[in-house]
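Residues per chain are reported as follows:
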Amino acid sequence: MTETYTLAEATMKVIQDRRSIRSFTDEPVSEEAIRMILEAARQAPSGENAQPWRFIVVRDAETRKALGAIGGGGSGRRFTAEFVTKKMQERFAGLQDEEKKKAAFEKLTSGNVSAFLADAPVDIVVCGRKNVWDLPYDTSAAIENMLLMVTGLGLGACWVIAPCIDVRDEERLHKLLNVPDDIKIVSIIAIGHPTRPHRPRPRLPLHELVYNEVWGTPYYKEEA
Amino acid sequence: MTRENLPSDYANSVIYEIQKAFWDERGNGARFRLTTVGREYFSDKCLAQIHGESVGEIVQGIGKALAEEGIAAGMSYEEEDRIVRLKIPGCLHQSVERRFLAAGAEPLMCVPANLVVLAVEAVLKRPAEIAEIKVGDDGCEVTLVLFEPRPGL
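Protein chains in written order, with the working numbering: chain A, 68 to 291; chain B, 9 to 161.
Mixed in with the good hints, there may be bad ones.
Simulated pairs of lysine to aspartate or glutamate, EDC-like, Cα-Cα distance not exceeding 16 angstroms [to be verified]:
1) A:K153 <-> B:E140
2) B:K72 <-> B:D89
3) A:K168 <-> A:E157
4) A:K242 <-> A:E157
5) A:K154 <-> B:E114
6) A:K80 <-> A:E173
7) A:K154 <-> B:D52
8) A:K168 <-> A:D186
9) B:K142 <-> A:E149
10) A:K154 <-> A:D127
If you are wondering where the hints come from, they were derived from the structure by calculation, not from laboratory data.
Based on the provided sequences and hints, a complete structural model is requested.
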């Protein structure tokens, strides 16, 4: 039976159905889908309509392997540093299941949390021109559009910032992908067909997020 | 303008404000945009002082360069597996770290520690990460983690 939605309902459904997918089947992503995703990015808003975004579509296995190594290396370094200073243990103090906690520590400190870029059928590297004022905001809007279109197409994706956070890793990306210095590499979007459905991650309630007129006074009452 | 007539409190206040601007923009992520600060100084002044391929020889070389330039009183270290704890007394820049702590934020950067990380990467060909910067009365203690090279890189 076909479900029908108003435009607002359909928009909210796509937003709510989006997941961060890190495990993909071997099924390739069609050129038609890639084009739809990039077209969605192209329609994003940007300051002064500067449209600073540029994209590199990476399907080559060796290049994806290198992206995974750079992303995994960066995540592994940062999370291991967090672990050895016990800050990670503090962050996960609320998790009672010791096995789950151990698995989370292993996944994070190994860098595997970001290394899956190697296994996605396609990675889209999102770049931005530096000669504009609003590069991070403009490109982020484009990325969210991409993620929503991925969801609408029944595909899965994950917005991966790990290979771009540290200057040292971003320099490795520049060299690997031959990106000039006046272009910033912002993020990499791993895209493919999900291996399984994923449950939604918890979200903070609106009454904790929204203030009335000035900071501090809740806009919404806490729901019972 | 020469270095001799550049007051350190002026230099440190500018360094603090630049770092603070990074922090205001990127929050805790700002520290990862500062990991290569000192690279030019490392190439010009430090690399030639490193006469071996061990952590000890790296720390000794960087410490000597910093002491000769009057940037820090020296540098020592303790090593346990992949953890290296640097002790840096008398650093010219410590007031920058203190201002971050006074503002309720963790220090974003330690140039002497950056120099050691740059040396570990250049000489030992091993990735390294600054895990923690502690500011004390006797100097700073900086914890580094050294890694094995990752396959595929």
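So which of the earlier hints does this model not fit? As far as the earlier hints go, 2, 4, 6, 7, 8, 10 are violated by this structure, in ascending order.
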